[in-house]
Amino acid sequence: MGTSRRNLSVAFIAGLALSASACTQFAANAPSVPQTTVFPVSDVGGLIQGLYELIFWMALVVFVGVEGFFVYAILRFRRRAGDNTIPAQIHGNTRLEIAWTIIPSVVLLIIAVPTIATIFRQDAVPSAGASGEPPMKILVTGRQWFWEFRYPDLRGAPLAVNEVHVPVNRTVVFELRSADVVHSFWIPRLGGKMDVIPTRVNHLWFTPLETGEFFGQCVEFCGIQHANMRVRLYVDTAAEFQNWAARQAADAASPASPQAQQGAVIFQRGACPACHTIKGTSAGGTIGPDLTHVGSRSTLAAGMLQNTYENLTHWIADPQGIKPGSKMRYPNDLPPSPGEAALMAAYLQSLK
Amino acid sequence: MATIAAPVERRGLLARPVAPRGIWAWVTTVDAKQIGILYGATAFIFFLIGGTEALLMRTQLAVPNANVVGPGTFNALFTMHGTTMIFMVVMPLSAAFFNYIVPLQIGARDVAFPRLNAFSYWVFLSGGLLMHFGFLIQQVPDVGWFAYANLTENAFSQRGVDFWVVGLQVLGVGSLAAGFNFLVTIINLRAPGLTLMRMPLFTWTTFITSILIVLAFPVITIALVELMFDRLFGANFFNTANGGDPILWQHLFWVFGHPEVYILILPAMGIVSEIVPVFSRKPLFGYPFMVYAVASIAFLSFTVWAHHMFTTGLGPIAASFFAASTMLIAVPTGIKIFNWISTVYGGSVRLNTPHLFALGFIAMFTIGGLSGVMHASPPVDTQQQDTYFVVAHFHYVLFGGSVLALFGGIYYWFPKITGRFLGEGLGQLNFWLMMIGFNLTFGPMHFLGVDGMPRRIFTYPAEMGWGLWNLVSTIGAYAIGLSVLVFIANVSKSLRAGERAGSDPWDGRTLEWSISSPPPHYNFATIPVVHGRDAFWLEKYPELEGHAAAAPDERRDRTAAHDAGEAHGHIHVPDPSYWPIATAAGILVAGTGVLFAMPLLPVGLFVVLVGVVGWSMEPVNG
Amino acid sequence: MSARVPVVEHAEHHPGATEYIRIALVLTVITAAEVAVYYVPSLRPVIMPMLMVLSATKFALVVMFYMHLKFDNRLFSGFFIFGLVCAAFMITAFITLFHLLSAPKAF
Amino acid sequence: MEHVAALPAQAHVGETSTGLNSRKVLMWAFLGSDCMLFGSLIGTYLVYRGNYPSGPKPSDVFDIPYTSVSAFALLMSSLAMVLALAAIQRGDIRRLKIWLLCVAGLGLVFIGGQVYEFTTFGSEGLNLTTATFGSSFFTLTGFHGTHVTFGIVWLLMLWMLAARGQMTQARSLDVEIAGLYWHFVDIVWIIIFTVVYLIPAI
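Chains as they are written, first to last, in the working numbering: chain A, 5 to 356; chain B, 5 to 626; chain C, 19 to 125; chain D, 43 to 244.
Just so you know, these hints were derived from the structure itself, not from any lab.
This list has only true hints and no planted wrong ones.
Taking CB as the label site, the calculated pair distances span:
#1 C/Thr75 <-> D/Gly167: 34 to 40 Å
#2 D/Gly184 <-> B/Leu472: 54 to 60 Å
#3 C/Met70 <-> A/Trp61: 48 to 54 Å
Heads up, incomplete: computed chain D residues facing chain B, CB under 10 Å, no partners named:
#4 Gly85
#5 Tyr94
#6 Thr171
Source: prediction; values computed, not measured.
Where a beta carbon is used, it is the ideal one built from N, C-alpha and C, also for glycine.
Here chain A stands alone, though its shape is the one from the complex (with noise of 0.2 Å):
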């Protein structure tokens, strides 16, 4: 084997070596990708990524080293030109096949046991998070195509829609239920997913370690908007939470600009009641996202739009045309004209 071929197949065993080391390091752009699974910042995400540098290091050595061995016996063994002859006819190695019958068995073994005792751990919620208090349940609903979240241990029950809040450092468990299809509910960074399935409870649990805004989204196929059903979580200080928490458990606001008035009244009239609820008017359906506090909410339609008066407006006059498929219809498929939109825009607007 001449000096050269083995160089190459040296360098061939670096280059896989360097792009496999390259391919953790793409990924690791946590500030410019919101959704990494590899920079988590609550208890159980921290759990899940040491579980899975074990698989993943101890994979890579598996990768070189038979990638590795692979070129180099295609290279080492390759047929010159001219060269007819049969090489000896080895049938094989009984001692071969044992050896590479335990040790991959030993590698999965010490995979597997960790691998054991973190489902364990990520089953069990804990009594009490890092701030010493008892866990806060939060009644999680998918629905085609938003998120409903429900405070039932808080003065007011406070709801809220595709934002949720947590407070830091305290163990929070989500009790998923379904209202139609399969959903998935995942906040990458705080952990892994679970499946939001009717006619079950499935739970989720975490205590996040860091304040700020994470995003997510539901995972499960669930019907032609399933890529617009986003969620996003807020990690706030106990302070701030508990402020949040007192401003969604209250009725919302009353107009107070003219336009708004108006857009109150169109609203009413309309048909958006027998969908939407807005807690302290006459507002009570139950089909479409709660709008109490929905002037709050940085975005609209479950993560498609910023909050903004002009989205709003667009929205509210053609939500078929941005969301197809969506719930958001109106009666005989006739929408508001555009000034009305605005109008109710500018009133759901003020709903802070």
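Since the structure of chain A is provided, determine the placement of chains B, C and D on it from the hints.
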């Protein structure tokens, strides 16, 4: 079905067609080789359709917020892409090789039930058509190839689901018929001396795959029946309003679905196990262990299904069980990879196109296997399930695995089937373009998955940071498309003016290389007698294996033997028959009836009945 | 070396009519016992295992004697038992997953 | 190097690698496969057996003595089936015809019983759409009934061939294979009778 066979002297409802020509020859054929070609050609057309669907999806996802296709279309695209590639491309392409190669490898003249074999093909075609009838009325299946309940209930879906249910049901009938046929063929039609532990590995994987088909498809059949009853008759299997549990669908689907994965990959492993020894000029390393590995993978595949459901809340005990059984599968899989590499090691390695594809398979399948071990761990899987990481994983297994191997198989056996080589230059171009395109397409999907991009989304906002890798992936997909065009050019050029291949162009080891290319209608003039593994190699080089060298006149020129056999005219092959296609047509009509006009259902069933009766009354002549 | 073997239809021992009828009598008795067990309230706590043993016995008798599996080629037993084991595993798993380990229902 | 004489391709003529008839191998493979079919149906039934929030309970509608009789009829048809096989193996075509008719007749008794049972259940408010219990019960027993019906047609075709003098001792395998199918259908009912009818829904 054919058990009530009439005595030979009686005539059936219709006289058997006698050696027709042209289109009728194909319509009435019961020759496994012709059926193999039908399977291959049909599957390739579906491959182009499924590939086009993939390219459309990749185009839509190339940049954030793209608007090439709408959400409804996108959902239909990924549903049909998955369903097509699994049931109408990889399975029938494997079946093409089962049909063409297995009888040759075991020294048989045909399969055990030639008419049932033709029936399998026509039913497969009917199922494929039924599945695509939705395009006629713009009601394309759009609930994913897994069709998770309860999204498939009438309350949440449209008529597209019906096409999926009926089409898949019919495809399943074809697969089952083929599965039974090859099971019996391999048990009963082996040449004298061809004991089980002497069978070529492709024959072995066909055998094991047939067992998997026979045991796994009944489960999806029942799941589909339940779904169909829900949709047509108001049953409640998956209707949550009346106590139906969507999780039951997932269990039934994956009890079938996981063995199905091995139905897709085992034939590919068999092909690779044929190619690597030939082009390394060494016997397959550790043959018995390879056989045990295939068998244990098949057995274990029935115990791991719930690893597709780690995020459904199985509970820690069940999750631990299925994690452990899943990891166990990595052991026999590893054995296979190590044995392939050891076959190369110490060999005399020719890097012709078939071998490149086979070696590419080994390299890529290893990656798919390793990522598979990652989500075998349930906690890790909760971060990877339903993300592009999983998409990357199974494409490394099913494209880097199955498809590369099947292309390798085409390059390898094309000279046998047509008597002509595929062009080596275009072949190499085909391979490298496909290899690079494949890695560009699916490699970055690992990063996308780690970056938290879910599967089955038709769009994503720019702020998610997924734009770059999606663009790379789309470019790669077009490179794969280009490589397929190169392949088409190669085939059409070779069919017209390819270099002639002799009966044994690669210095092959198994019996198919002992007869002319293309093989005669009756395969073997005289049924060979097998003295060991790699029967033909042994016959050519007895001294290498310590056998006494055969006397020169005993090194038979089988082509000459064929001419002799033909001259004698005493070789019996089964006559063609109208009944397989007639019976399958009845199924097509019945299926069409369920989908469009119920009155057609009894008509179709009546045609099936007439078909079965005609079939069983048909003289069984040799 | 195993050459191809002519198909021999009845090389093995088959039980005769008397034996068939004797087995039918046993089957009848077991069926009667099954139904009887159903009506005895004091057996309720053990009715499940009892019935399962009784029907498994009937099952085995028919398979072994009427279907000749006891006397026939082991290949046939292999096919049948492999299918049976896979099915039994699946059913056991379903019972375990849905009734023993199941998450609480949301009704 | 020896070569055996040219063999016809059909398996059921001449010789095979195992000495086993290909159609018989096919039937046993089919029965293994059918285990999974009924396994899936029984699995589904066991998942849903307790679920009848509205409609009647199993114990409300099941008539154990009645079903016991039809189960017994099916069980005895298996006896008739082996006797039919024994007859053709002896070359006794007259007894073959009698026993075949007997099997088909007992099968018809069973099917008639099932039709009556389904009708009664329907009138008592239990049908395919009654919660998941109804769906899984009717699908499971209906699939079994379809199997029985197919078996009856098959046996009657054999009887017709026998009546036309086309069944001879040499064709006993045709009866044996049909018999394997028939016995399988019988043992499936042995399971269903226990699991569905006798073990009370708790």
